[in-house]
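The listed protein sequences derive, respectively, from chains Z and P.
First residue of the first sequence: 15, per this note's numbering; consecutive thereafter.
First residue of the second sequence: 46, per this note's numbering; consecutive thereafter.
Calculated from the structure, these hints are not laboratory results.
Glycine residues also receive a C-beta, built at the ideal position from the N, C-alpha and C atoms.
Heads up, some of the hints might be wrong.
Example chain P residues on the side facing chain Z (calculated, C-beta under 10 Å, incomplete) [unchecked claim]:
| no. | residue |
| --- | --- |
| 1 | R47 |
| 2 | P48 |
| 3 | A58 |
| 4 | A122 |
Now the stretches of chain P that chain Z is said to cover, found in silico as 3 or more residues with beta-carbon under 8 Å [said to hold, decoys possible]:
| no. | segment |
| --- | --- |
| 5 | 108-121 |
| 6 | 239-245 |
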Amino acid sequence: MSAVVTLRAATLRRGGRSLFHALDLTIAPGSLTLLCGDNGQGKSSLLSVLAGELPLSEGSREAPPRDRIGWSPQQSRLWPELTPLEQLTLLGRLHRSPERDAWGRATQLLRSAGLAEQQHRKAGHLSGGMQRRLGTLLAVMPRPTLALLDEPTAHLDVGAASSMAALLLEARDEGCALVVATHDPDVFVPPHRRPADRVLRIADGRLTELQEPGRLLAEATPTLRVRGSHAALTAVGAIARRDGLEVELEPARLSSLIGIGNGSGGGGETHASAKTNHATGDATGAAS
Amino acid sequence: MRPLIQLALLRLARDRAALLLTVGTAPLFALGYAAFNAAPQGYLASLLVFSVLMSQFSAAVAAAKERETGTLPLLLATPQPTAFLAAALLLPHLLTALISHALTLLAAGGTGALPKTTPTSVALTLAISLAGSAASSGVGFAVAAFTRSLIHAFLLTSLLMFLQLLCAGLLFPAPDHPIVSLLPTHPLREAVAGQLGLAPKAGEGVARALVAHALLMPAIGALLLITRTRAAVGDRR
Numbered sequence: 015m016s017a018v019v020t021l022r023a024a025t026l027r028r029g030g031r032s033l034f035h036a037l038d039l040t041i042a043p044g045s046l047t048l049l050c051g052d053n054g055q056g057k058s059s060l061l062s063v064l065a066g067e068l069p070l071s072e073g074s075r076e077a078p079p080r081d082r083i084g085w086s087p088q089q090s091r092l093w094p095e096l097t098p099l100e101q102l103t104l105l106g107r108l109h110r111s112p113e114r115d116a117w118g119r120a121t122q123l124l125r126s127a128g129l130a131e132q133q134h135r136k137a138g139h140l141s142g143g144m145q146r147r148l149g150t151l152l153a154v155m156p157r158p159t160l161a162l163l164d165e166p167t168a169h170l171d172v173g174a175a176s177s178m179a180a181l182l183l184e185a186r187d188e189g190c191a192l193v194v195a196t197h198d199p200d201v202f203v204p205p206h207r208r209p210a211d212r213v214l215r216i217a218d219g220r221l222t223e224l225q226e227p228g229r230l231l232a233e234a235t236p237t238l239r240v241r242g243s244h245a246a247l248t249a250v251g252a253i254a255r256r257d258g259l260e261v262e263l264e265p266a267r268l269s270s271l272i273g274i275g276n277g278s279g280g281g282g283e284t285h286a287s288a289k290t291n292h293a294t295g296d297a298t299g300a301a302s
Numbered sequence: 046m047r048p049l050i051q052l053a054l055l056r057l058a059r060d061r062a063a064l065l066l067t068v069g070t071a072p073l074f075a076l077g078y079a080a081f082n083a084a085p086q087g088y089l090a091s092l093l094v095f096s097v098l099m100s101q102f103s104a105a106v107a108a109a110k111e112r113e114t115g116t117l118p119l120l121l122a123t124p125q126p127t128a129f130l131a132a133a134l135l136l137p138h139l140l141t142a143l144i145s146h147a148l149t150l151l152a153a154g155g156t157g158a159l160p161k162t163t164p165t166s167v168a169l170t171l172a173i174s175l176a177g178s179a180a181s182s183g184v185g186f187a188v189a190a191f192t193r194s195l196i197h198a199f200l201l202t203s204l205l206m207f208l209q210l211l212c213a214g215l216l217f218p219a220p221d222h223p224i225v226s227l228l229p230t231h232p233l234r235e236a237v238a239g240q241l242g243l244a245p246k247a248g249e250g251v252a253r254a255l256v257a258h259a260l261l262m263p264a265i266g267a268l269l270l271i272t273r274t275r276a277a278v279g280d281r282r
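Please build the complete structure, drawing on both the sequences and the hints.
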């Protein structure tokens, strides 16, 4: 299988510091590569190198032409005066899609991302999370060969993050190679995983491939924050159990983790915490 | 080309505050100046030169902002020909300049500041001012190409505008140095003043300089902006 993008012996030094050293990376077409790691470890810099925006200090990069790369950095690139529908449609047309096709794809993407109701509002008036989603849509709109997405689910609620993940996985299924820097790998990993998909961890200038994404989940100790009544918490627990998670409510711990407001039928504040254990036992985490 | 034009026009129309300020400053000044001065016609050539320099300022600031926010790299990552991209960058500034100069001449005519002119000379004044704005926008693009942020572009273009105003012979007699004649404001003021009957008609040399500035400067400025932005995002086409 030919590679979409390849880095060979890639070294990046910035400000006298080596961000990564002699790194080799190959991304296959139609694959999902999740790039995880703590803040400041070089996830965004690696994406910028893959996008061609940061020149390597040493080594080589082979990548598709710029117009075949969809790139959504952390700071979304939007035209604030235009509506989401206008900018997506115009971007599609600038990439030589017929007007009708561009409009059709734009409306479909906006619907999938939960932005259909905002499609006629100026982008500059949208919330940060909505702008984030629109930035991601602009990256995948022209059906690129390679899409590089920096934290596409950051600042999104659970539902919106799942919708974005589903939309991106659909792009992968259509043949786009996705490289996603994320602190929320669990949004993308099982049950959506494919053989060519990988989870990479960047730390101390090195990339490590995680064979079992579950290990990553265990290391990441994901925390789910839920705000609502006791009834709402019970409902969330039921959904989690249905998905194979074991949920254990620990009312005494929650107040130290989060403050939970009054729900519709609660009548007074409810505090509870929940601990989840993956059904297979390869991941543990705390959900509250 | 059509979606590029559509994008440029939509963005121009949507930012109403910026549009009104760019288009309205010079005409409002013309009206205000006439209200407080009995014989105001002498100011018009200077005002049109100032209005032309506004194109440089707005082009530099708009392009630097687009580089900084990443919308210019987004546009340059589309498979559109460079010439189309350059034309789309220039179009909003030419349109606002055309409207602004036309309104300025209209305001001046309405307040009696065009006593020695014919419709032809007013139309030629408009064309000369528009040519000046094209050249001025090109200088603005070049400023944006060589600065790293919006604030740097703002400061550098302010400095250049100030120097051009000083060297244009508006406030003081124009310095007698060959380099001054290379500035777009130099032939511009001469040509505008000649058409408005405020000075002897400009010769062929001035006309040639105006045309050369109007064609070369926007092309060079836009090309510099595009190539330097592409290089900055690793796209060396």
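Here is what the structure says about each hint:
| no. | hint | verdict |
| --- | --- | --- |
| 1 | R47 | holds, 8 Å |
| 2 | P48 | holds, 4 Å |
| 3 | A58 | holds, 8 Å |
| 4 | A122 | holds, 5 Å |
| 5 | 108-121 | holds (count 7) |
| 6 | 239-245 | violated (count 0) |
The structure is inconsistent with hint 6 alone, although it conforms to all the rest.
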